[in-house]
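**Student:** Residues per chain are reported as follows:
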Amino acid sequence: MRDRVVVIDYDAGNLRSVARALAHVGADPYVSADPADIAAAGALVLPGVGAAADTMRNLRERGLIEPIREYIAAGRPFLGVCMGLQALLERSEEGNQECLGVLPGEVRRFPAAPGLKVPHMGWNTVEWRFDHPVTEGIPSGSYFYFVHSYHPTTPDPALVLGETEYGVRFPSVLARGYLVATQCHPEKSGRDGLRFYANFVRWAREGAPMPVAAAAP
Amino acid sequence: MLTRRIIPCFDVDRGRVVKGVSFVQLRDAGDPVELARRYEEAGADELVFLDITASAEDRATTYDMVAATAEQVFIPFTVGGGIRTTADMKIMLELGAEKVSINTAAIQDPDLINSGADRFGSQCIVVAIDARRVEGVPGTWEVYSHGGRMPTGLDAVEWAVEAARRGAGELLVTSMDTDGHQQGYDVELLRAISDAVPVPVIASGGAGGPEHMAAALTDGRADAVLAASIFHFGTYSIRQVKEHLAARGIPVRPVPPPEDAP
Numbered sequence: 006m007r008d009r010v011v012v013i014d015y016d017a018g019n020l021r022s023v024a025r026a027l028a029h030v031g032a033d034p035y036v037s038a039d040p041a042d043i044a045a046a047g048a049l050v051l052p053g054v055g056a057a058a059d060t061m062r063n064l065r066e067r068g069l070i071e072p073i074r075e076y077i078a079a080g081r082p083f084l085g086v087c088m089g090l091q092a093l094l095e096r097s098e099e100g101n102q103e104c105l106g107v108l109p110g111e112v113r114r115f116p117a118a119p120g121l122k123v124p125h126m127g128w129n130t131v132e133w134r135f136d137h138p139v140t141e142g143i144p145s146g147s148y149f150y151f152v153h154s155y156h157p158t159t160p161d162p163a164l165v166l167g168e169t170e171y172g173v174r175f176p177s178v179l180a181r182g183y184l185v186a187t188q189c190h191p192e193k194s195g196r197d198g199l200r201f202y203a204n205f206v207r208w209a210r211e212g213a214p215m216p217v218a219a220a221a222p
Numbered sequence: 022m023l024t025r026r027i028i029p030c031f032d033v034d035r036g037r038v039v040k041g042v043s044f045v046q047l048r049d050a051g052d053p054v055e056l057a058r059r060y061e062e063a064g065a066d067e068l069v070f071l072d073i074t075a076s077a078e079d080r081a082t083t084y085d086m087v088a089a090t091a092e093q094v095f096i097p098f099t100v101g102g103g104i105r106t107t108a109d110m111k112i113m114l115e116l117g118a119e120k121v122s123i124n125t126a127a128i129q130d131p132d133l134i135n136s137g138a139d140r141f142g143s144q145c146i147v148v149a150i151d152a153r154r155v156e157g158v159p160g161t162w163e164v165y166s167h168g169g170r171m172p173t174g175l176d177a178v179e180w181a182v183e184a185a186r187r188g189a190g191e192l193l194v195t196s197m198d199t200d201g202h203q204q205g206y207d208v209e210l211l212r213a214i215s216d217a218v219p220v221p222v223i224a225s226g227g228a229g230g231p232e233h234m235a236a237a238l239t240d241g242r243a244d245a246v247l248a249a250s251i252f253h254f255g256t257y258s259i260r261q262v263k264e265h266l267a268a269r270g271i272p273v274r275p276v277p278p279p280e281d282a283p
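Just so you know, the protein sequences line up as chains D and G, in that order. Here this note's numbering is used: the first residue of the first sequence is 6, the next is one more, and so on. Here this note's numbering is used: the first residue of the second sequence is 22, the next is one more, and so on.
Any given hint could turn out to be false.
Unchecked claim - Pairwise CB distance ranges (calculated):
{"#": "1", "chain 1": "D", "residue 1": "Pro109", "chain 2": "G", "residue 2": "Ala81", "range": "27 to 35 Å"}
{"#": "2", "chain 1": "G", "residue 1": "Arg186", "chain 2": "D", "residue 2": "Arg62", "range": "19 to 27 Å"}
{"#": "3", "chain 1": "G", "residue 1": "Gln204", "chain 2": "D", "residue 2": "Gly31", "range": "44 to 52 Å"}
{"#": "4", "chain 1": "G", "residue 1": "Arg260", "chain 2": "D", "residue 2": "Gly31", "range": "25 to 33 Å"}
{"#": "5", "chain 1": "D", "residue 1": "Glu71", "chain 2": "G", "residue 2": "Gly255", "range": "50 to 58 Å"}
{"#": "6", "chain 1": "G", "residue 1": "Thr82", "chain 2": "D", "residue 2": "Gly31", "range": "26 to 34 Å"}
Hints listed in this document are in silico derivations from the structure and should not be mistaken for laboratory results. No residue lacks a Cβ here, since even glycine has one placed at the ideal position from N, Cα and C.
With the hints as constraints, model all of the structure from the sequences given.
**Tutor:** Here it is as structure tokens:
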């Protein structure tokens, strides 16, 4: 099962869209909330939309917080999307919610500014800050679809793979080791978004270390 | 930079695309899934399906269409029409719609906006507003429900503000005065609403060409423009519209080049 891409099932609104995009690029995604499936995954994907408090509550109620932390701590291939990125940081201003704390940083509301509509909704550019396997074939400055009212921040510039500007300049793609997380929605970003998923899947299969846990029976 | 969105709209009846002209005459314009795929390739930023299927028994055809579209289309799409409860919203979102649009149901029960936003997030709740100018009172528009057939007594700008306050993540504003005439959007209405709400506004009703879209996005301060006939009947391509807007200095996502040869 080490090739299996597991999409974490916790009632996230974009779960199916993420799974469909993975299927479209040939990944045969497996949707599960079972910690044993997470432990045995070849790659793990955390989708998510909506409010930070709901996200954390849903993860907690399903007993997924420790399995996700352990999986990431083991340095295995992981992709977080939208709220699946925000949940990785230490804290969100949205409801002053404590998050997983896997990555340093906070989630902040977009500043009130004349003419700046919130949510940030639509296609915006992402500029790559370094070369990475998941961005292969996707030029810096490509357009991705965003929809969010809060944006990530991080004190560690080494984590910032992609940057986007909307009132503020914020890190829209974070990466560390075999973890990558996007504020935008590659599953709704047309061809470049599908390429991003295809790159992630290939990278997870070819470049990642073997999972430490045995597959569940 | 965040770009302005170009959104082709499809009226769907029992799984087939039709286009209302001034809400009355209908012409068949094809298969929704094929059209959606074609528009994604052509550079559409988003799609809207308005389901006008009259009977509940035929609603399954809509579900099939939404599911089939979600399998093959990888840009956001919104489904509206016939959504009256959070259970209806859940079905559409789970089938793969990015957003749901509510109109009459929100007027009849404004709490539906709150409950939808609380449950699924504001980002997927679009409130559609059909508005008509009030005769003799300049700068005033009345909201109509039931596909534009019933006056509600609501002031369009006040209703827009309330809808946003209750949690709508976006407003789809259709002028019934300009809809179907291809003589341009009601820029004054768009501006009145855009200036009054903190959320994005989609302009609808009256697109006859790129210059109308430019006016809606600049003077009307809309964040996105929706059109049907001019795209469906090939009067303009998405590319032509975007090139026109870009030449006017309006930020748009460039139309992707044709798919690389394998």
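**Student:** Could you say whether the range 19 to 27 Å given as a hint is met by the Cβ separation of G/Arg186 and D/Arg62?
**Tutor:** With a Cβ separation near 25 Å, G/Arg186 and D/Arg62 satisfy 19 to 27 Å, so the hint holds.
**Student:** Look at the Cβ atoms of D/Pro109 and G/Ala81 and judge whether their distance stays inside 27 to 35 Å.
**Tutor:** This hint is violated: roughly 49 Å between Cβ atoms.
**Student:** Should the hint that D/Glu71 and G/Gly255 are 50 to 58 Å apart at their CB atoms be regarded as holding?
**Tutor:** Distance hint for D/Glu71, G/Gly255 holds at roughly 56 Å.
**Student:** At the C-beta level, are G/Gln204 and D/Gly31 separated by a distance inside 44 to 52 Å?
**Tutor:** Given about 48 Å between the Cβ atoms, the range holds.
**Student:** How does the Cβ-Cβ distance of G/Arg260 and D/Gly31 compare with 25 to 33 Å: does it lie in that range?
**Tutor:** holds, 30 Å
**Student:** Does the Cβ distance between G/Thr82 and D/Gly31 fall inside 26 to 34 Å?
**Tutor:** holds, 30 Å
Of the numbered hints given earlier, the model fails hint 1 alone.
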